[in-house]
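Colleague: Chains as they are written, first to last, in this note's numbering: chain H, -17 to 142; chain S, 819 to 1325; chain V, 417 to 749.
Bear in mind the hints are in silico, worked out from the structure with no lab data behind them.
Glycine included, every Cβ here is placed at the ideal spot set by N, Cα and C.
It cannot be assumed that every hint is accurate.
The list that follows gives simulated cross-link-like pairs (lysine-lysine, DSS-like), each with its CA atoms no further than 25 Å apart [stated by the list, open to error]:
| hint | chain 1 | residue 1 | chain 2 | residue 2 |
| --- | --- | --- | --- | --- |
| 1 | V | Lys640 | V | Lys473 |
| 2 | V | Lys640 | V | Lys711 |
| 3 | V | Lys726 | V | Lys640 |
| 4 | H | Lys12 | V | Lys740 |
| 5 | H | Lys12 | V | Lys522 |
| 6 | V | Lys586 | H | Lys12 |
| 7 | V | Lys726 | V | Lys703 |
The following label-pair restraints were derived from C-beta to C-beta distances [said to hold, decoys possible]:
| hint | chain 1 | residue 1 | chain 2 | residue 2 | range |
| --- | --- | --- | --- | --- | --- |
| 8 | H | Leu75 | S | Arg1051 | 41 to 49 Å |
| 9 | V | Lys612 | H | Leu83 | 56 to 64 Å |
| 10 | H | Ser56 | S | Leu824 | 56 to 64 Å |
| 11 | H | Pro130 | S | Trp833 | 50 to 58 Å |
| 12 | H | Val124 | S | Trp833 | 56 to 64 Å |
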Amino acid sequence: MRDRNAFLFSAGIALVGLWALWQTEGWAIKSWLYPRVILLPLIALAVAEAALTFRGKDGGSREGQPAADIELESTVDPALAVRRTWLAAVWILGLFLAVILIGFQAAVPLFVLAYLRAHREGWLLGLALAAFSALAFHGLFVYLLHLPLPPGLLLRMIGR
Amino acid sequence: MIEALLQALVEVLRWDALSFMLIGIALGFWVGLLPGLGGGTTLALMLPFVYRMEPVQAFAFLLGMHAVVATTGDITSILFGIPGEGTAAATILDGYAMSKKGEAGRALGASLMSSLIGAILGALALLLAIPVVRPLVLAFGSPELFMLAILGIAFIATLSARGSRGMLRGFLAGCLGLFFAAVGPDPQAGHLRYTLGTLYLWEGLDLVPVLVGFFAIPEIIDLAVRGTAIAGRAHVGRLGGVFEGVKDAFRHFWLTIRCSIIGAYIGIIPGLGGGVAQWIAYAHATQSAKTPAEREGFGRGDVRGVLGPGAANNSKEGGALIPTVAFGVPGSSAMAILLGGFLLVGLTPGPEMLTRHLTVTLSMVWTIVLANIVTVAASLIFLNHLARLTAVRGSILIPFLVVLTFLGSYTNNNSLGDIVVMLAFGALGYAMVRFRWPRAPLVLGLVLGNIAERYLWISVARYGASWLGRPIVLLLLALTLGVIVSSLLQQRRSRVQPKVEAAAGAG
Amino acid sequence: MKVIAAVLLVIFLFLAAPAMGQQPPSFAGKTVTLVVGYNPGGGYDQIARIIARYLPKYLPGSPTVVVQNMPGANSITAANHVYGARPDGLTLGAFNRNLILGQVVKVPAIRFDMSKFAWIGSPATETTILAIRADLPHRTPADLIAAKEAVIVGATGPGASTYDFPLLLKALAKFNLRIISGYPASGDIMLAVERKEVDGRAGSYSSIKPFIDRGLVRPIVRAKASVPAIAQLPTDESLVSEARSKAVMSLRSVPEQLGRPYLLPPGTPAAIVRAYWDAFTKVTQDKEFLAEADKAGFEIEYVRGDEAMKIVQSVLNSPSDVVKIFQQFFSFN
Chain H
-17 MRDRNAFLFS
-7 AGIALVGLWA
3 LWQTEGWAIK
13 SWLYPRVILL
23 PLIALAVAEA
33 ALTFRGKDGG
43 SREGQPAADI
53 ELESTVDPAL
63 AVRRTWLAAV
73 WILGLFLAVI
83 LIGFQAAVPL
93 FVLAYLRAHR
103 EGWLLGLALA
113 AFSALAFHGL
123 FVYLLHLPLP
133 PGLLLRMIGR
Chain S
819 MIEALLQALV
829 EVLRWDALSF
839 MLIGIALGFW
849 VGLLPGLGGG
859 TTLALMLPFV
869 YRMEPVQAFA
879 FLLGMHAVVA
889 TTGDITSILF
899 GIPGEGTAAA
909 TILDGYAMSK
919 KGEAGRALGA
929 SLMSSLIGAI
939 LGALALLLAI
949 PVVRPLVLAF
959 GSPELFMLAI
969 LGIAFIATLS
979 ARGSRGMLRG
989 FLAGCLGLFF
999 AAVGPDPQAG
1009 HLRYTLGTLY
1019 LWEGLDLVPV
1029 LVGFFAIPEI
1039 IDLAVRGTAI
1049 AGRAHVGRLG
1059 GVFEGVKDAF
1069 RHFWLTIRCS
1079 IIGAYIGIIP
1089 GLGGGVAQWI
1099 AYAHATQSAK
1109 TPAEREGFGR
1119 GDVRGVLGPG
1129 AANNSKEGGA
1139 LIPTVAFGVP
1149 GSSAMAILLG
1159 GFLLVGLTPG
1169 PEMLTRHLTV
1179 TLSMVWTIVL
1189 ANIVTVAASL
1199 IFLNHLARLT
1209 AVRGSILIPF
1219 LVVLTFLGSY
1229 TNNNSLGDIV
1239 VMLAFGALGY
1249 AMVRFRWPRA
1259 PLVLGLVLGN
1269 IAERYLWISV
1279 ARYGASWLGR
1289 PIVLLLLALT
1299 LGVIVSSLLQ
1309 QRRSRVQPKV
1319 EAAAGAG
Chain V
417 MKVIAAVLLV
427 IFLFLAAPAM
437 GQQPPSFAGK
447 TVTLVVGYNP
457 GGGYDQIARI
467 IARYLPKYLP
477 GSPTVVVQNM
487 PGANSITAAN
497 HVYGARPDGL
507 TLGAFNRNLI
517 LGQVVKVPAI
527 RFDMSKFAWI
537 GSPATETTIL
547 AIRADLPHRT
557 PADLIAAKEA
567 VIVGATGPGA
577 STYDFPLLLK
587 ALAKFNLRII
597 SGYPASGDIM
607 LAVERKEVDG
617 RAGSYSSIKP
627 FIDRGLVRPI
637 VRAKASVPAI
647 AQLPTDESLV
657 SEARSKAVMS
667 LRSVPEQLGR
677 PYLLPPGTPA
687 AIVRAYWDAF
697 TKVTQDKEFL
707 AEADKAGFEI
717 EYVRGDEAMK
727 IVQSVLNSPS
737 DVVKIFQQFF
747 SFN
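Please model the complete structure; the sequences and the hints are all you need to start from.
Modeller: Listed below in structure tokens is the structure:
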């Protein structure tokens, strides 16, 4: 097996397909016909893909190349690339967590500031851009559009 | 007819209508740019302002706004890899790839020019359709809609990867998309499927959060990994770039025209929805590749991948007006709101719009054309400044891009569920890029699956098996087979000359 | 136990109301949020936005009124939210009229009790009719009952008037109908009528009216709630003789009398509720408002909160055998 992750991905898709198929149990025909028609080939294809990957056939460098899709950066040192990938994912999830905990209005400028500072941008630029993001956000989404914004769990806990 | 056409032009050019149009354009410009704001929503918010307007003023305002949203939506897609509108996602694949090569200016020029051509063709389609609109729209019943969805799904074969393994992955991605289309109530009994016990999924997966996460998140992560600006170390082409792109639209003139026609046709048929046209056009553009080497250039910054969807997502607006005007049946959600605008200014859509109110209808044709000319002209001034954004350090841009993806998805249902969906599809999109599964077939499956299921049930319930013999159904069946065979042939050709290197790239 | 608590709460509120209502409330300088259970663009949103522009004129203190869209699960999400909101008169909701039926058939996701909201009432009614293509010979309900070949009716799906109304006519009044469901929206059914894929459709009178005026379809039957223009049409209930059938049809149509329900959170002080009653009464008599609403195709008829509450109670107290039959036909989606 050359690429364990690729195998796990296709195997995971196959499992999702199986789960979805199992869910259709007990549905009326009008509900299950479409999902089952889709899921059977989905599972078969995913199993085939997983099996081929397991046997170390990743399709070679040419075969299996997407006809029309982007290619990820490959000139960066692989170890560094992995680290940066995880870091980016953590930042994105961090914003999500912050939105849940302290709400959009506080999370957005804080996120901008924290990200810029963590990437060694100056305080001045960081604060300026954070202020800009806060203003733009407030002006557009609060003042103009009246979006319902969840107040944030922490803020709710201390009584809004 | 010509007299009415001139009269309509005079009406649109009256100072009051013209100034309302300019206000509309200015609004639509920003709405298109910002991923958080959709064209349909904004139309609804602007509706109260038209109560006291004359019909021509009202449509100059509403349509002026709506006509440019698709045009400027492409700009965000190209510059940042975040779809500015749900209808502008297909532009990302090649448009953003061009930005990464330092060709943002050229991509923007190409997209704007193709948008303009598309808009004019869409308007022309509206004009030409006026005498034949009834048979044209009425020819498409439920069986034909089902076959159209199948034809669209067949394009999965075109958008799949190379070789038999590539086909496998393409169809796998397509099936996955078709499966995601099953989330939510089934179209027949309303039974809730795969809602995971949440209220959020009761109405199915919303296209915009899916697209934003699916395309933007992998690009943002990639940008973070590279640690450079979007354009990397490439020199961001300056003035020449934009005009190079404008010239591209004429270099591939027939492709642009063909994709405009595709868009207009898809727009005319109510029920297919706005998200479909761009992908079919994109698939068609990839078919225009002559050699395997050329074909590999798609997804890596082939300008034709920008021209196709750019033209189609604008021409479809003119097309979508046809059923709205002639039958009072909207061709898209934005058109549904526009329909509300008709009633507010005292017009009843229907055959009368083509006779007694012909001037109003024709003024819409002009509004679409003029609004796009104004937008493109105005954008050409900004474009070079915009293109330079791709030279800004990634570490400064990334936090803003992340915030935009969050807001761009949250504003769809004003629910945290939007963000969860966006993140989930972001992860899926990243994994697919990483393991080289093509993403476009998944989107095609997602936008067409529901239509296929819905109209198959209706066709069978209404006609039994006899619908299979209807002439247009047979024609569409033949086209479907044609699409599959032609992409298989293309595959074959690529196997005959396996050693052709893509080093030269596809200009 | 829960019922007793609810009853006690209602009694308490009624007793406590006059005491709390001494001071006339004022919203001066405040912002009132009108939560709509749908995205911008639909009927619920459109009329809410019109009302939001006229409310400041008639609410004491002329507050700013903003519309907030909270779509999801046919407005259950929004209703759950408003149910838990602070009862200070600064949050009100506009929801799906069928939520009350959702409660009757016990949709699990519903975490509110419609009878505990402080009802402002409904500013508009909805009239459901069945219309058949004008080139067909059928003109009356009797024609449809006697029709040799089934008349094909296009529909969206269960839970919508396009489906439920003809379904009850077919099952209880023995109309010879074949219902083809699955169309995405009422406009798509209209197009199917136009190309003769289906023979007719049910739906709100305001949405079918342009097509009646154009001569494409003709109305055959209406439900209980009505407007003067079609008052002469026979009602669905007049076509069945059995009391239980009448009750089932009536249950289906009750929410249409409260076509656009506006609600305040439970426990809102009576003085505030009264201020809203007065404001809605005046808005729905405002000439400019009426002109705008008419253009947008709404049938304005204000049913005040106390009146609405009686209707709500009667629905929630429907006999269980009626509910049982009703459940076979109705699904809330």
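Colleague: A separate judgement is required for each hint: does it hold in the structure or not?
Modeller: Quick rundown of the hints versus the structure:
Restraint check for Lys640(V) and Lys473(V): the C-alpha separation of about 33 Å exceeds 25 Å, so the hint is violated. Restraint check: the Cα-Cα separation between Lys640(V) and Lys711(V) comes to about 24 Å, which is no more than 25 Å; the hinted pair holds. A hinted pair counts as satisfied when its Cα atoms are at most 25 Å apart, and Lys726(V) with Lys640(V) qualifies at roughly 17 Å. With a C-alpha separation of about 23 Å, the suggested pairing of Lys12(H) with Lys740(V) holds against the 25 Å cut-off.
Between Lys12(H) and Lys522(V), the direct Cα distance comes to roughly 23 Å. Compliance with the 25 Å bound is thereby established for this hinted pair. About 21 Å separates the Cα atoms of Lys586(V) and Lys12(H), which keeps this hinted pair within 25 Å; it holds. For the hint pairing Lys726(V) with Lys703(V), the CA-to-CA distance comes to about 29 Å; that exceeds 25 Å, so the pair is violated. Checked against the hint of 41 to 49 Å, the pair Leu75(H) and Arg1051(S) fails, with Cβ atoms roughly 30 Å apart.
Checking the proposed 56 to 64 Å range against Lys612(V) and Leu83(H) shows it holds: the Cβ atoms sit about 58 Å from each other. Distance hint for Ser56(H) and Leu824(S): a CB-CB separation of about 59 Å, consistent with the stated range 56 to 64 Å. Checking the proposed 50 to 58 Å range against Pro130(H) and Trp833(S) shows it is violated: the Cβ atoms sit about 40 Å from each other. Range check, Val124(H) to Trp833(S): about 35 Å between beta-carbon atoms, so the 56 to 64 Å window is missed.
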